[in-house]
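Q: Chains as they are written, first to last, in our numbering: chain A, 1 to 384; chain B, 385 to 768.
These are calculated hints, taken from the structure and not from any lab test. Be aware that a few hints might be false.
[Said to hold, decoys possible] Among the chain A residues that face chain B by a calculated CB cut under 8 Å, a handful are:
| id | residue |
| --- | --- |
| 1 | Ile76 |
| 2 | Cys226 |
| 3 | Leu369 |
[Unchecked claim] Between beta-carbon pairs, the in silico distance windows are:
| id | chain 1 | residue 1 | chain 2 | residue 2 | range |
| --- | --- | --- | --- | --- | --- |
| 4 | A | Cys219 | B | Phe724 | 42 to 48 Å |
| 5 | B | Gln748 | A | Ala267 | 22 to 28 Å |
| 6 | B | His654 | A | Ala332 | 26 to 32 Å |
| 7 | B | Asn426 | A | Arg134 | 38 to 44 Å |
| 8 | A | Thr162 | B | Ile726 | 56 to 62 Å |
| 9 | A | Leu335 | B | Asn743 | 22 to 28 Å |
| 10 | A | Arg328 | B | Glu519 | 52 to 58 Å |
[Stated by the list, open to error] Residues from chain A that keep clear of chain B, each with C-beta distances beyond 12 Å, as calculated:
| id | residue |
| --- | --- |
| 11 | Arg63 |
| 12 | Trp79 |
| 13 | Ala96 |
| 14 | Leu99 |
| 15 | Asp104 |
| 16 | Gly165 |
| 17 | His184 |
| 18 | Val225 |
| 19 | Glu282 |
| 20 | Glu285 |
| 21 | Glu293 |
| 22 | Pro295 |
| 23 | Pro314 |
| 24 | Ser337 |
| 25 | Glu365 |
| 26 | Thr371 |
From the three backbone atoms N, C-alpha and C, an ideal C-beta is built for every residue, glycine too.
Number of protein chains: 2
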Amino acid sequence: LAGDLLASALTTSMYTYELAPIATLIEKQVIREMCRLAGFENGEGIFTTGGSNGNTLGLLCARDRRFPESQRRGMIGRWPVAFVSEEAHYSAYMSANLLGLGSDNLKRIACDERGRMQPEQLKVAIRDAYAEGREPFCIIATAGTTVRGSFDDISEIAPIATQNGLWLHVDAAWGGGALLSPRHRHLLKGLELADSLSWDPHKMMGMPISCSTFMTRECGILASVCAHGDEAHYLFHEEARDRDLGRMSLQCGRRIDALKLWLAWRALGHEGWARRVDRFLELAEYLEQLVLEHPRLQLMSPRVFANVCLRYVPPGSVGEVDLNELNRNLRAQLLQSGRFMISQSMIGDALVLRPVVANPGTDQETLQLLTQTIGRIGDELVGV
Amino acid sequence: LAGDLLASALTTSMYTYELAPIATLIEKQVIREMCRLAGFENGEGIFTTGGSNGNTLGLLCARDRRFPESQRRGMIGRWPVAFVSEEAHYSAYMSANLLGLGSDNLKRIACDERGRMQPEQLKVAIRDAYAEGREPFCIIATAGTTVRGSFDDISEIAPIATQNGLWLHVDAAWGGGALLSPRHRHLLKGLELADSLSWDPHKMMGMPISCSTFMTRECGILASVCAHGDEAHYLFHEEARDRDLGRMSLQCGRRIDALKLWLAWRALGHEGWARRVDRFLELAEYLEQLVLEHPRLQLMSPRVFANVCLRYVPPGSVGEVDLNELNRNLRAQLLQSGRFMISQSMIGDALVLRPVVANPGTDQETLQLLTQTIGRIGDELVGV
């Protein structure tokens, strides 16, 4: 938070090295560290306005690689297609619309029972696209889906991307935090084979919004997709070409979001981050146990990350009550109690309650109280 | 600043009314006030990540209006063309690239000697585009260009847009501040005829970065271009459809940038804003006079707004010195002195120094010292 206050007070802007020399160096150092954790030894990156922006950049880099003429000529005469899991974040569709690709040209790949993109289905979809005369160019894998916290298996998907010459972008906006923990890093196995990555430290790492990053495995493509900086003689001067971060960004004026993360990193160290992530996942596991042990709570998907999807099921015959309606009402009452704010979503046709453990103030007692409260409200609603 | 600190401390996010009810209402109220000043009586809008993002939204709305199928199908088989002044901000080219339109399909219209888009040239370009079988869909006018602070004549351009069925977006990222002053509002005459507007309160209004807005004259199109929110069952619920700002934004997670502006507005009032803008422009006029009176400073463009473009010209024959090189060195020395930070840019082939008056701490004495210092460094460099 201190870093964010300082960023506001300084109110400087990030587009040129001249305007913000120290901030530029800080941003570069934080990005270098995050690239290292991702296995992008020669990588580079930039702070973005959020995970949506990072996913847009990933798809834009992919578009630029496959259709380099699109920068100047647009998408005239091309029939692109990209692939994403059916449980991906909605920003993938937004990005496809934004970039002029069209959301119909983003193919949804079916997931397995744990919410992971099915590699076999992906292969079929790519083959079908080629057969229809389309031009596949990108796969978006998700590391930490919004609802279930599922991780697509990057080590299986990456070879498919390579074989087909497709860009592989990993949306790790939510799940990137796992990279901080030696114990949980395996969730992103194969990430070093991806072409780009988005990762939001304002999520699991607890930074104030916004604090989001986008990285590429190789250098140079960001400068290529953002080459419009060459128009801006009033900002960018030749002598600082390699230092001006504005040449790698879709933003011109920009907050120093890197500062707060840099300060937090110095305060916590690698071990501090690891402890924090491990603790969240231990607590999520504890919550999972509480749900499994509770006679009237049902775990709606095997837990992988800090998301725990559950619902209340009344005792006796299930067929007589609308469980979605019941759990929607239950959540509304839970919110009104003022003690807990958890979100609801759908898994298939089932409405689920979805607590996520990512607040350093959460402890076992909080989670006990949460499951007890959900149970009690549910009991009251059905009159048990 | 206090508002920004509070936004950081709250670290809430703006996508749903449920998560941020007060912040949503504050954002709506500020936008309503800004729409009123713009003459958008039935307008609506959203806070963005910066002027670049606002211009992207303007072009996206235009694209959606003319090519509504592009959301789902992309730009396949279309040959779009948009028009912008040759002195516009580089984000216009970036937006054209980003949106899959291609920067070649953004036609630069020549400016007059004061840096304003020439309406006759615009008409010719539109006619030519139709003749070539292209599909014109948008004009981007600039209110307050980056270098000279020029204002395209919206009241002349708007009828051309209407006659040709084109969307008119006004990039008032820099010049929007003039709307706050009854004395200077005329610079944006005709704005009420435009379709959309971007305006950055983090510029002349002095808010900490980021604080940028995008507005449309009519309601509904933002929700249409951002319809991907329908994918996000985990965020958006039917009952809050008309209140969730995330349905109108290209961001998901988002800072409460409206808060600081709302607080500043309450503190300053309309009259306070007007006084501030009037004072900046009085000081800019004073600086213009200082330049005109200085024997070796040359005013490089008639002043319109808070930008004053000047250069140092040594006494005697001009042909013998490279004025660009001289003024580039002069600026480098000025920066090294640590007292003044002003930018350089090009007007045509001429390198100009470009102080901009938009800091409440600036007074006449500062400006006297600035012109004296520039004169002195110039004299030293040429050995006068």
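Q: Give a verdict on every hint.
A: Against the structure, the hints:
At its closest, the beta carbon of A:Ile76 sits 6 Å from a beta carbon of chain B; the interface hint therefore holds under the 8 Å criterion. Annotation: interface hint on A:Cys226 holds; nearest CB of chain B at approximately 7 Å, less than 8 Å. Hint status for A:Leu369: violated, given a least beta-carbon distance of 21 Å to chain B, over 8 Å. The beta-carbon spacing between A:Cys219 and B:Phe724, approximately 35 Å, falls outside the hinted interval of 42 to 48 Å.
B:Gln748 and A:Ala267 have their C-beta atoms about 45 Å apart, which leaves the hinted 22 to 28 Å range violated. A C-beta distance of roughly 41 Å is found between B:His654 and A:Ala332, which places it outside the suggested range of 26 to 32 Å. Take B:Asn426 and A:Arg134: their Cβ atoms lie about 41 Å apart, and the range 38 to 44 Å holds. Separation of A:Thr162 from B:Ile726 is about 50 Å and departs from the stated range, judged on CB atoms against 56 to 62 Å.
Checked against the hint of 22 to 28 Å, the pair A:Leu335 and B:Asn743 fails, with Cβ atoms roughly 45 Å apart. Distance hint check for A:Arg328 and B:Glu519: the Cβ-Cβ separation is about 46 Å, which falls outside the suggested range of 52 to 58 Å. The beta carbon of A:Arg63 sits about 8 Å from the closest Cβ of chain B, which is not more than 12 Å, so the claim that it is off the interface is violated. Non-interface call for A:Trp79 relative to chain B: violated, since the shortest CB-CB distance, roughly 6 Å, does not exceed 12 Å.
The claim that A:Ala96 lies off the interface is violated: its Cβ sits roughly 8 Å from the closest Cβ of chain B, which falls inside the 12 Å cut-off. Look at A:Leu99: its CB is around 5 Å from the nearest CB on chain B, not clear of 12 Å, so calling it non-interface is violated. A beta-carbon of chain B is positioned within 12 Å of the beta-carbon of A:Asp104; the least distance is around 4 Å. Every CB of chain B lies more than 12 Å from the CB of A:Gly165, the least distance being 20 Å, so the non-interface label holds.
Residue placement check: A:His184 keeps its beta carbon more than 12 Å from all beta carbons of chain B (closest about 23 Å). Chain B draws A:Val225 into its interface by the beta-carbon criterion, the shortest separation being 7 Å against a cut-off of 12 Å. No beta-carbon of chain B is positioned within 12 Å of the beta-carbon of A:Glu282; the least distance is around 24 Å. For A:Glu285, the requirement that its beta carbon stay farther than 12 Å from each beta carbon of chain B is met, with the minimum near 22 Å.
Taking the minimum C-beta to C-beta distance to chain B, about 26 Å, the non-interface status of A:Glu293 holds against the 12 Å cut. Every beta carbon of chain B lies more than 12 Å from that of A:Pro295, the smallest distance being close to 27 Å; the non-interface claim holds. Distance check on A:Pro314: its Cβ is at least 23 Å (rounded) from any Cβ of chain B, clearing the 12 Å threshold; non-interface status holds. For A:Ser337, the shortest C-beta to C-beta distance to chain B comes to about 15 Å, beyond the 12 Å cut-off, and the non-interface label holds.
Against chain B, the non-interface label of A:Glu365 holds: every CB pair exceeds 12 Å, the least being about 24 Å. For A:Thr371, the condition that its CB be more than 12 Å from all CB atoms of chain B holds, with the nearest at approximately 21 Å.
Going through the hint list in order, the structure does not satisfy hints 3, 4, 5, 6, 8, 9, 10, 11, 12, 13, 14, 15 and 18.
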